[in-house]
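*Asks:* So you can see what is in the structure, the chains are spelled out below.
Number of protein chains: 2
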Amino acid sequence: MLRRASVRVCLGRALRLSSIPPPTSTSSYHSSHLPRTTAFFLSRTMSTFHQEPHKLLVIPGPIEVTDEVLYANAHPSMSHISPDFIPVFGDAIRMTREVLFTQDAQPFLIAGSGTLGWDQVAANLVEPGENALVLNSGYFGDSFADCLRTYGAVVDEIKAPFGGTVPLSEIEAALKSKKYKLVTFTHVDTSTGVLSDARGIAATVRSASPDTLVVADAVCSVASEEIRFDAWGLDVVLTASQKGLGTPPGLSILVASQRAIKTFESRKSPVTSYYASWTKWLPIMQAYESGNAAYFATPPVNLIYAYNASLRQITGATPSLEERFRLHRESSQRVKKEAEQLGFKQLPLDPSIAANGMTALWFPEGLAAADLLPSLAKKDVVVAGGLHKDYKLKYFRIGHMGVSAIDSQRGDIDKVIAALKESLAEAKAKKA
Amino acid sequence: MLRRASVRVCLGRALRLSSIPPPTSTSSYHSSHLPRTTAFFLSRTMSTFHQEPHKLLVIPGPIEVTDEVLYANAHPSMSHISPDFIPVFGDAIRMTREVLFTQDAQPFLIAGSGTLGWDQVAANLVEPGENALVLNSGYFGDSFADCLRTYGAVVDEIKAPFGGTVPLSEIEAALKSKKYKLVTFTHVDTSTGVLSDARGIAATVRSASPDTLVVADAVCSVASEEIRFDAWGLDVVLTASQKGLGTPPGLSILVASQRAIKTFESRKSPVTSYYASWTKWLPIMQAYESGNAAYFATPPVNLIYAYNASLRQITGATPSLEERFRLHRESSQRVKKEAEQLGFKQLPLDPSIAANGMTALWFPEGLAAADLLPSLAKKDVVVAGGLHKDYKLKYFRIGHMGVSAIDSQRGDIDKVIAALKESLAEAKAKKA
Chain A
0 MLRRASVRVC LGRALRLSSI PPPTSTSSYH SSHLPRTTAF FLSRTMSTFH QEPHKLLVIP
60 GPIEVTDEVL YANAHPSMSH ISPDFIPVFG DAIRMTREVL FTQDAQPFLI AGSGTLGWDQ
120 VAANLVEPGE NALVLNSGYF GDSFADCLRT YGAVVDEIKA PFGGTVPLSE IEAALKSKKY
180 KLVTFTHVDT STGVLSDARG IAATVRSASP DTLVVADAVC SVASEEIRFD AWGLDVVLTA
240 SQKGLGTPPG LSILVASQRA IKTFESRKSP VTSYYASWTK WLPIMQAYES GNAAYFATPP
300 VNLIYAYNAS LRQITGATPS LEERFRLHRE SSQRVKKEAE QLGFKQLPLD PSIAANGMTA
360 LWFPEGLAAA DLLPSLAKKD VVVAGGLHKD YKLKYFRIGH MGVSAIDSQR GDIDKVIAAL
420 KESLAEAKAK KA
Chain B
0 MLRRASVRVC LGRALRLSSI PPPTSTSSYH SSHLPRTTAF FLSRTMSTFH QEPHKLLVIP
60 GPIEVTDEVL YANAHPSMSH ISPDFIPVFG DAIRMTREVL FTQDAQPFLI AGSGTLGWDQ
120 VAANLVEPGE NALVLNSGYF GDSFADCLRT YGAVVDEIKA PFGGTVPLSE IEAALKSKKY
180 KLVTFTHVDT STGVLSDARG IAATVRSASP DTLVVADAVC SVASEEIRFD AWGLDVVLTA
240 SQKGLGTPPG LSILVASQRA IKTFESRKSP VTSYYASWTK WLPIMQAYES GNAAYFATPP
300 VNLIYAYNAS LRQITGATPS LEERFRLHRE SSQRVKKEAE QLGFKQLPLD PSIAANGMTA
360 LWFPEGLAAA DLLPSLAKKD VVVAGGLHKD YKLKYFRIGH MGVSAIDSQR GDIDKVIAAL
420 KESLAEAKAK KA
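Chain order of the listed sequences is A and B. Each residue of the first sequence is one higher than the one before, starting from 0 at the first, in numbering that gives the first Met the number 0. Each residue of the second sequence is one higher than the one before, starting from 0 at the first, in numbering that gives the first Met the number 0.
Same shape as in the complex, but just chain A (with noise of 0.2 Å):
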């Protein structure tokens, strides 16, 4: 089986050098033994697979995918240890290195919704009675401290004000008064669109306590936030597939630093998931990114596949990770000025934590969602609401993240805008 399994990646790297850009010079894909997969969705049928017309989706996830992606996901059923799913699920693990600037670390692929990597970090590297600090700028701050208390946890929350961030000395004071295991931020808080300094909190907490994992909850940030894993010093990455990533939800994704790794690897007491346990994933994913196959649970064959399909157009030569950060940004603040000219006010307390990958703002005062979303939707462009508890019918949300943001000829920022000022001036005029 495996000598097959070698014939087939050989003529992928024949497919791949005529049909597929080079990786790009910071990608660690250079380092890896296996060339990339065989382009197995530019098959002769592709062409002829144009997903359903539907409403506009730029809620801040799941996102717009591409046809290529969803006619990914729809492959014919495979096998999970076929020598032909070996190498897209092997890619899938490198090119996940790629998108976050890092070398040695090690990815985990994971049927499960985004929510499962709080649980990976808690039932991993947390062990029961040990410390954790949570840093809390909303909803999914909220949860994750829920999580890791369930596995044991004693938590402690630094809480950031409704719309802001906490601040750096308060994570250096907090350091410095307790041991903590590890920290953990929410990178872009879906509920609130605010953005945490990640490069701040790692550098803070690589200088104020060296021991201590910095995790960084970015299920609302990957692809479409720079993350430089490396340069940065962080120790877990989690996200799921259905944000930045460009592919439908399902699966959990996780990259652990080797230090995170061996954390884990000397702990005292037994890993307290089955599912989330990395005692069972680790050689699972370090199989497969070998060529080998290797059984724990049924892999999500086809949602590996459009996985693999999007982080090839993630990580494709054009445009570049930069320039689809850039492309994030620009789209971004499109929204955002446009927005603001309308009269809409941001919900984070500054424009230097907003995210770039969404848009949350507040209605205008005399307007709520009921004015405003369902007229949205009449024009085909479906935003979100507010998620948090205390705020949820004061604010919407814009979901802003791949092709929606890098691929101008779709329209769909122009789209959004457009609606958004109609949808506007409809409401203001029913209430005159």
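These are calculated hints, taken from the structure and not from any lab test. Check each hint, because a few of them may be wrong.
Stated by the list, open to error - Below 27 Å or equal to it, Euclidean Cα-Cα: the simulated DSS-like pairs (lysine-lysine) are:
#, chain 1, residue 1, chain 2, residue 2
1, B, K279, A, K279
2, A, K279, A, K344
3, B, K279, A, K388
4, A, K391, B, K393
5, B, K427, B, K54
6, A, K279, B, K393
7, A, K158, B, K54
8, B, K279, A, K393
9, A, K279, B, K158
Just so you know, these numbers come straight off a predicted model, no measurement behind them.
Got chain A sorted already, so can you dock chain B onto it with the hints?
*Replies:* For chain B alone, kept in the frame of chain A given last:
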């Protein structure tokens, strides 16, 4: 938003009456308040979608799936709280009940592999220090026991001989000697093709220890073996999307009796998992079934569309569920008889305990995996090797579930048998 949902649901009813077969009389569907969703996949472009040519996948899961199911998996991105998606999820919950012939058991549909079902049982139904009895008929019994211990259960195992089942008398004796919170068994052990007597086990437990919960690991049996959840008195049936249910992998499907839910609700200690916690998921399932959205983690939207599409085929009028089980038995008998005529011996120790959705066969004397499996693959027939540490090179497994078993026009069973004959002849000729 709710009002809009109602409008869409009414539209769904109108379409349903004209285009979709009525539910079967065994269905729990009559008692539900919402009609099934519109035939979303019977769209204008569906007719042009055909999955890529590929090798016939006849392993015991993932299995071959229909074009309709794959097309649903390629559904455009949708909000997980969209009024269009809510009834798709709700109907998937209702149709899951139909497949198991239950009126009021509670389905859980969660992004994850089948393995996650074990975590759900271990984390929600057993409290640390409580006793669990595992009827172990192979690889998956070992793993379920491992999972239960991870969450603190005190596990006893009754191990069946390889290829056999645990006698009911031994179960009865164990239950009389000790109080068990639950008994688990593997309905069809994918590693051996052994079918346990679910009805007999449930009756034995009910009689010997009425309070003990009966948990069926039915990953490799739901929709290919008859399961009468209510009539047999089962408490948990856990499965996954990629076997008899004919959907790509990535969905953990579990159905719990109201008695199991009560056991969960009267726990003394908190649930020891976050992602697998019914405290989190029960309100979500109840919300979607009643036509409302709720959020804990983003559901695998596309996979729910695909699962819904497959369930519509499975619970449709033709073939009925009863006919579907009969067709599985017939396809199974064809494979088993032809294989025996060719000189293959079945792994299950007695024909009465051989699964109907798969066949496990010892290689004939003098032949091994390398002599047959690559040759079958060359004929575009993908079967599975052994999966049990002591014997894995000595036997192989053929899956015949879902469309391969019930749609004779596809010719899948013919193709498997023909390839097996040819490959065996070639292998014998080489050895001669």
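*Asks:* Now look at each hint and say whether the structure bears it out.
*Replies:* Cross-check of the supplied hints:
1. Distance restraint check for B/K279 and A/K279: the Cα-Cα separation of roughly 24 Å lies within the 27 Å cut-off, and the hinted pair is therefore satisfied.
2. Between A/K279 and A/K344 the CA atoms are separated by roughly 47 Å; this puts the pair beyond 27 Å, and the hint is violated.
3. Of the pairs offered as hints, the one joining B/K279 and A/K388 holds, with about 16 Å between alpha carbons and a cut-off of 27 Å not exceeded.
4. At roughly 60 Å between alpha-carbon atoms, A/K391 and B/K393 are farther apart than 27 Å, so this suggested pair is violated.
5. Distance hint between B/K427 and B/K54 is fulfilled; the C-alpha atoms sit about 24 Å from each other, no more than 27 Å.
6. Proposed proximity of A/K279 and B/K393 is supported: the alpha carbons are some 26 Å apart, at most 27 Å.
7. At most 27 Å may separate the alpha-carbon atoms for a hinted pair to count; A/K158 and B/K54 exceed this at roughly 55 Å.
8. For the given pair, B/K279 sits about 26 Å from A/K393 by alpha-carbon distance, which is consistent with the 27 Å threshold.
9. For a cut-off of 27 Å, the pair hint linking A/K279 to B/K158 stands: about 23 Å separates their Cα positions.
Going through the hint list in order, the structure does not satisfy hints 2, 4 and 7.
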